[in-house]
Amino acid sequence: MLLIRIVLVLGCVLAAAACGDRSTGSAAVTLVFKHAKILGPSDPVPRLLREFEARNPGVRVRSESLPWSSDEQHQFYVVNLEGGNAGVDVLMLDVIWVPEFAQAGWLLDLTPFLEPSELDGHFPAAIEAARAHGRVWALPWFMNVGLLYYRKDLLDKYGLRPPETYAELIAQVRRIKSGERDPRLDGFLWQGKQYEGMVVNVLEGFWANDARVLGPSDTVFPEPERAEEVLAFLRALIEEGISPAWVTAADEELTRRPFQDGRAIFLRSWPYAMDLFGLPDSVVRGKVGIAPLPRHARGTRGVGSSGGAHLGVYRQTRHPEAAVALARFLASEVAERAMVEGAALSPSRMALYHDADLVRGHPSFPAIHTLAMAAQPRPVTPYYLMLSTVLQPELSAALVGIKTPRQAVAGARYQIRHLLQSVR
Amino acid sequence: MTKRQRADRRTGLLFLAPALLTLGAVTLYPAVSVFWLSLQYRIPIFGIARFAGLDHYAFLAADPRFLNAARVTLGFTAASVALELGVGLLAALLLRRQRAGRRAALSLLLLAWALPSVVTAKLFEWLYHPTAGLVNVVLGGHAFNWLGDPRLAVAGVILADVWRTMPFVALLCYARLLTISPELYEAARVDGAGGLAIFRRITFPLLRSVLLIALSFRTLDALRAFDLMFVLTGGGPANTTETLTVYAYRSLFQTLQLGLGSAIGVAVFALVMLVAWVYLGMLHREGTAA
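Here the protein sequences line up with chains A and B, keeping their order.
Note that the first sequence covers residues 1 to 424 in this note's numbering.
Note that the second sequence covers residues 1001 to 1290 in this note's numbering.
Source of the hints: derived by calculation from the structure; they are not laboratory data.
Be careful, since some hints might not be right.
Subject to a maximum C-alpha distance of 20 angstroms in a straight line, what follows is the list of computed SDA-like cross-link-like pairs (lysine to any residue) [claimed, not checked]:
hint : chain 1 : residue 1 : chain 2 : residue 2
1    : A       : K177      : A       : T165
2    : A       : K287      : A       : R406
3    : A       : K177      : B       : A1143
4    : B       : K1122     : A       : W68
5    : B       : K1122     : B       : N1136
6    : B       : K1122     : A       : R257
7    : B       : K1122     : A       : D251
Each pair of labels, with its calculated beta carbon distance range [as the list claims (entries may be wrong)]:
hint : chain 1 : residue 1 : chain 2 : residue 2 : range
8    : B       : A1143     : A       : R301      : 33 to 43 angstroms
9    : B       : A1031     : A       : H354      : 28 to 38 angstroms
10   : A       : P116      : B       : A1031     : 32 to 42 angstroms
11   : A       : A28       : B       : W1126     : 46 to 56 angstroms
12   : A       : P183      : B       : Y1185     : 52 to 62 angstroms
13   : B       : L1134     : A       : R406      : 35 to 45 angstroms
Which bits of chain A does chain B cover? Going by a derived footprint, with three or more residues having C-beta under 8 angstroms, they are [claimed, not checked]:
hint : segment
14   : 67 to 79
15   : 192 to 198
16   : 380 to 393
17   : 398 to 407
For glycine and all other residues, C-beta sits at the position ideal for the given N, C-alpha and C.
Sequences are here, hints too, so could you generate the full structure?
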């Protein structure tokens, strides 16, 4: 869900609409690389694959598109990998699926193929998401991090600096709204629809108040009151008009548009939006700043959630050596640089964020680097999707006010415990 | 049976065989295997695969989420089908009376029906947008939070469904209306019947069987409703729009609880079969009465 905002598949039908070429060569080895459609000025993947073929004589790579939404991609993988007839060697994975697929036995353990320091160039949160049981199951490819967009022009006008706490954010919204007297100007936009993106928003709130969903040895909501405070806070944002009521049905795009039309002061979103805010027809062009997410009263610091895509290798591939080589090539600095140049994506390699050539085209890269360094992955566990599915209706119920924060946390806690018991 | 008849019979069966085998392969086999799956604990990511008997069904009988999904499904079906039949019938009657622009009106109706439901859902996502959406503008600039308010979300989904499938009912009724002989109406008018009486005594009785068919199709479709709510609300807020098939989908493909998900699928199947059976009985009676 998160990734598709940047990487979108345009309605391709599974295998039939395979992108890329269909080389009929008599190469000894043919690899299949499944990936989401890469959006941006020019898709660099075909060129990279040709380059890989040139470097590895006898190896051919066919790239095939995945369906358009993250949910459908997951479904596609599950059906085909579980059926044992995957027809794929290298897979592009949403970062939250890596431990799940590893546990299911669908991914090749990459550890023996890697140099000891090979992952060091990637963001720590991306590396953490690639590991399970002390082994590496995937290579980081794209990085995503939750952050706060703010209207630089408005904050400057009132002599304000980006808020460090949510209390400050609220005060700033009140101040600016009463000064602007514009009924069409909203305060703080975020994603509260019942979907994965909302879970990310609420988790970021939990972390900003030092609350966790899973504690050590799988304790569930070790700090329930802190979690309840966050849910009560989010509900209050809506009730007090700091956030419009419709955030409870909003995803990334639904919140990006009004912000881009100059109708909001703050927006929590991902780095992809920055490029769009800079477009010539954008009302807020040159008026947007990036800041870390604020923290709550009892929290140590505000934390953005990491997201993004990894590259995995199918365990039953007939060509493990070649497939791993392809994944390593695509995750190399050369390839990631090419991806940044041709596609609207943030790479997983830290060095690229301070590369003079790239920064010229992406002035916000150094700022995003800082935020991504501090990013935190969602709970890295094979049952993350189960966890999220249980959390979604409970958190949603608290946001729309049909359950109290206490009821929602208690409900989620009960179900997650039940879940953990049933899978042990 | 003569030798000749027996040979004919054999040839007949031979010709039928491919169709029967195909039908068996594409419907019977999957149905049986889903039922078999529903009797097991099967969670591939944890390597869980063991026989469960009727455990999943026992769990569902007390599962608040399942009961909620069943309630949402039935409520959605009742409301959307009733509205679709009512509005569709009205549209057909208006269409019949209309002189000019009938072809344009028919094309517009068809367009709404021909759009893939995911496209319809995306369309309505913007129509319902609380500040920029057309629906709220038409309603006088109210900031109704259509998809984010638990009291409105079901209504929002129903409205989108009615918009999408009402044309199906309208076209069926319209086609039937065209076959009603004008002489019937003339005769009625000569006998002094008013508009309402004509509708009650002539039009409606003649439309009954077609309405019954539309009712069956729409109910069976609505009971399996999935894509509209999946795209529009994701089942939210707070599961107020989560239907049985959305719950089944989440269990099967998102959390990979293949046994539990299959059990929900079987429950939906049983519900649909039950309703289909009732309708078939009604259609049969209608057929013999006519």
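Results of checking the hints against the structure:
no. : hint                                   : in the structure
1   : A/K177 <-> A/T165                      : holds, 18 angstroms
2   : A/K287 <-> A/R406                      : violated, 40 angstroms
3   : A/K177 <-> B/A1143                     : holds, 18 angstroms
4   : B/K1122 <-> A/W68                      : holds, 14 angstroms
5   : B/K1122 <-> B/N1136                    : holds, 17 angstroms
6   : B/K1122 <-> A/R257                     : holds, 15 angstroms
7   : B/K1122 <-> A/D251                     : holds, 12 angstroms
8   : B/A1143 <-> A/R301: 33 to 43 angstroms : holds, 35 angstroms
9   : B/A1031 <-> A/H354: 28 to 38 angstroms : violated, 59 angstroms
10  : A/P116 <-> B/A1031: 32 to 42 angstroms : violated, 53 angstroms
11  : A/A28 <-> B/W1126: 46 to 56 angstroms  : holds, 51 angstroms
12  : A/P183 <-> B/Y1185: 52 to 62 angstroms : holds, 55 angstroms
13  : B/L1134 <-> A/R406: 35 to 45 angstroms : holds, 39 angstroms
14  : 67 to 79                               : holds (count 5)
15  : 192 to 198                             : holds (count 4)
16  : 380 to 393                             : holds (count 7)
17  : 398 to 407                             : holds (count 4)
Against the hints set out earlier in the document, violations occur for numbers 2, 9 and 10.
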